[in-house]
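For the record, the sequence lines run as chains A and B. The numbers in numbering that gives the first Met the number 0 rise by one with no breaks, and the one at position 239 of the first sequence is 238. The numbers in numbering that gives the first Met the number 0 rise by one with no breaks, and the one at position 45 of the second sequence is 44.
In short, the hints are calculated from the structure, not lab data. Treat the hints with caution; some may be incorrect.
Stated by the list, open to error - Restricting the straight-line Cα-Cα distance to at most 25 Å, the calculated cross-link-like pairs of lysine to any residue (SDA-like) are:
1) A/190 with B/311
2) A/190 with B/274
3) A/190 with B/309
4) A/225 with B/203
5) A/225 with B/25
6) A/367 with B/207
7) A/229 with B/206
8) A/314 with B/207
9) A/229 with B/361
10) A/229 with B/181
11) B/337 with A/180
12) A/190 with B/337
13) A/248 with B/274
14) A/229 with B/309
15) B/181 with A/117
16) A/225 with B/332
17) B/200 with A/117
18) A/225 with B/274
19) B/181 with A/231
20) A/170 with B/332
21) A/170 with B/196
22) B/203 with A/190
23) B/181 with A/180
24) A/314 with B/344
25) A/248 with B/196
26) A/225 with B/303
27) A/225 with B/196
Stated by the list, open to error - Footprint (simulated), chain B over chain A, 3 or more residues, beta carbon under 8 Å:
28) 108–119
29) 268–276
30) 371–384
For every residue, glycine included, the Cβ atom is placed at its ideal position computed from N, Cα and C.
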Amino acid sequence: MNILFDERLDGSLPQSDPQTTRERLRAALPGMTLLDREEDRRPFECDGLSAYRVMPMLVALPETVDQVVTLLQTCRELRVPVVTRGAGTGLSGGALPLEQGVLLVMSRFDRILEIDPEKRIARVQPGVRNLAISEAAAPLGLYYAPDPSSQIACSIGGNVAENAGGVHCLKYGLTVHNVMAVEAITIEGEKMVLGSEALDAPGFDLLALFNGSEGMLGIITEVTVKLLPKPETAKVIMASFDDVEKAGKAVGDIIAAGIIPGGLEMMDQLAIQAAEDFIHAGYPTGAQAILLCELDGVEADVADDCQRVREVLAKAGATDIALARDEAERARFWAGRKNAFPAVGRLAPDYYCMDGTIPRRELPRVLKGIAALSAESGLRVANVFHAGDGNMHPLILFDANRPGELERAESVGGRILELCVEVGGSITGEHGVGREKINQMCTQFQPDEITTFHAVKAAFDPEGLLNPGKNIPTLARCAEYGAMHVHNNQLPHPDLPRF
Amino acid sequence: MDDTQATGGTAGDRDLAEALCARVAEADASGRPIRIAGGGTKAFYGRPVDGEELDLTGHRGITHYDPVELVVSVRAGTPLQELEQVLAAAGQQLPFEPPHFGPGATVGGMIASGLSGPRRPWTGAVRDFVLGIRVITHQGRHLRFGGEVMKNVAGYDLSRLMTGALGTLGVITEVSLKVLPKPAASHSLCLQLPLANAMAKLTKWGQQPMPLSAAGWYDGRLYLRLEGGIRSVAANRARLGGEDLDPAFWTALREHTLPFFDRADPRPLWRLSLPHHTPPLDLAGDVLYDWAGAQRWLRSDLPTSAVREAAARAGGHAICYTPDTAEPFSPLSPVLAKHHRQLKARLDPNGIFNPGRMYAEF
């Protein structure tokens, strides 16, 4: 599979002349940094999906909203596509540049404009890092809830564009649940404010629509987020299991007991071993699976909930149950989980991180399917799972220097996502479609649904100049992808209409 | 879906999707607008629609409910009451406490109106719990967006776009919702407190981890609901004191059956949605505070423009709840209005879905 822009399948791109574009942008925006030398553009050729690289035609680093407006107006006039990038940590290639496009880098929009404890909001520029918001709010006893694993580096603008998640989504929601308002600029250079500091706004919920729209509808220039009071206390229980299926069932049992944990994570044997070797978190390396259950809130309630969760876990067949004795041990338990990706990364030269969601009850079936795909392909797969909300992150281990292994890893990844769709889940829980999962979109959605997505896009960007080729596939791509899979006899739903 | 896990089905369940699709396709071909109708309990909300009625009440039933997954999927015509009873039997609830405004309220009307009750500031609005929808497009195709999983960022979020769109973008036929367990403990109370003191306390409590789930103020009294674990609710009850309050107060507030909402009052009823800390607006009339100040009900004879401007100056907006108002919703900025028109034109090019229900121009 080649995910680079392919005009035959992704639609034709306007032909833009780099020299004219450069001259026009320089003339219109004399004060803006515009990188055109190859060595300056090189660092921007990929985002977090680093297996794929494209040199952007030009890299623009505006510092003011007016510059963004002028840049967009000029690009529209010249019919030059614009790809927007935040911190470049995205894992689905949503900020993968185009050879014929301008890469609009928002990293210089890095100011926190307002933190108001009475309103419980933070108003920030899009380049502000996710963690920086919580750090700035911490002296006031407040924090910003969504915490994607890249939170020390990822920017809030990118979080909105991808509707980023994290380990606390079941209780505190995704980005869309925690953003009050965004200011965005359309491709025509018009400024829009979506949402407000009130709890709703008149008209359609365009704020929700912009969350997760991957830079396809407009450019975000300001974000207002909701801040929450820090929970009084947080406790973590680690439970070990000799069987992955029992661990999966225990997750449902906790929720059936009426408890909504702040975080509920699961790791399988390979992930446990890797994390333990790397971090020495105190994980039981003999276990087939562990669950980490964080309970947060008011002290007295958390103590009661800890007791109930212990009882549920014991009944569910946990072989060992440990409550972190102090803050240091709690941090250590989490460190193993939060470093699971780099830990697994030590087991092989490369790994490919997937991001599918499933109804939790399907976990045993999907894990069996993944094990079968792993055996068939000869590639090891470690499983890290936001168990509470059904979001799986299988990590496929491979060596890109061995011919064909990257392709094999991608093929296994694609088939895992198709399995997620087959059991009623989704091809992406929190990383976005970007360029990476553009083909699997054809598995999850029918042609009429894809056409409806294109209609929404056209309401904001009829010429398709914003981030072309991302998020929503063309019907031509789906036809080709579908045909390919029928040929391999791997189509999960042969009865669905194809064309 | 795995039907063996589905529960909640009753003999009255019916799937009319095919017939509904045919009706929509016909309307689109002939260019004759349709007025989407459920129980009619929220017909007063928004502008009147001139069109042939498309009755959704026959398309009903819970198609899938697995309490352990915290997800329920339900057809649009299902009575809201019925859904709430099924959830309650499993110890769960719709956390956003949707208003019914009458016994006939349906799930479809709840989604299309996007209205939420007293718990909204603490747990979220209807749209925050929508995971997926099925919708009939103008061509009469029955499509599915989102799904039955908690996290799903594939494609644009059409489920939330359609929530609160008053049926102007398509016919919602089914919705999948995240549900939550009922809290272990709940206690309602009332404190004698002037408005300024009540607002100051709410602002302070908002910055603390306190188990609040509703807060209203009217006529010198602050009404509070504590919800959460048994011990934290008990501790806060002891700390706050006050008089015990019948929890039916919150239902009456949500359903507009408190004396404040008396239909005999000739003054128009306004809903002001404002940043919660906004000081009292200088508007002549009677005001009831909900959502810890973020939603205020106003009975006033003031001209529309005065109410709208005051709300806008405070960073919010105003909706008129009295039927037959020319324009019940605050006008959109020109750039937003343009993109609303463009969305409507792309998703409903012949203008058949509830034309004029939200704004006259579409």
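Verification of the hints:
1. A/190 with B/311: Judged against 25 Å, a Cα distance of about 18 Å means the pair holds.
2. A/190 with B/274: Roughly 22 Å separates the two Cα atoms, so the pair holds.
3. A/190 with B/309: 23 Å, holds
4. A/225 with B/203: Distance ~16 Å between residue 225 of chain A and residue 203 of chain B Cα, so the pair holds.
5. A/225 with B/25: 45 Å, violated
6. A/367 with B/207: Answer violated: residue 367 of chain A to residue 207 of chain B is near 45 Å, above 25 Å.
7. A/229 with B/206: At roughly 8 Å apart (the allowed maximum being 25 Å), residue 206 of chain B and residue 229 of chain A satisfy the hint.
8. A/314 with B/207: Outside the cut-off at roughly 35 Å; violated.
9. A/229 with B/361: 44 Å, violated
10. A/229 with B/181: Holds, at about 23 Å.
11. B/337 with A/180: The hint holds at about 19 Å.
12. A/190 with B/337: At roughly 12 Å apart (the allowed maximum being 25 Å), residue 337 of chain B and residue 190 of chain A satisfy the hint.
13. A/248 with B/274: The hint is violated at about 43 Å.
14. A/229 with B/309: 34 Å, violated
15. B/181 with A/117: The hint is violated at about 29 Å.
16. A/225 with B/332: 24 Å, holds
17. B/200 with A/117: Distance ~11 Å between residue 200 of chain B and residue 117 of chain A Cα, so the pair holds.
18. A/225 with B/274: 12 Å, holds
19. B/181 with A/231: With a Cα-Cα distance of about 22 Å, the restraint between residue 181 of chain B and residue 231 of chain A holds, given a limit of 25 Å.
20. A/170 with B/332: 35 Å, violated
21. A/170 with B/196: 31 Å, violated
22. B/203 with A/190: Violated, at roughly 35 Å.
23. B/181 with A/180: Status violated; Cα separation ~30 Å.
24. A/314 with B/344: 57 Å, violated
25. A/248 with B/196: Violated, at about 49 Å.
26. A/225 with B/303: 31 Å, violated
27. A/225 with B/196: 24 Å, holds
28. 108–119: It holds, with 4 qualifying residues against the three required.
29. 268–276: violated (count 0)
30. 371–384: violated (count 0)
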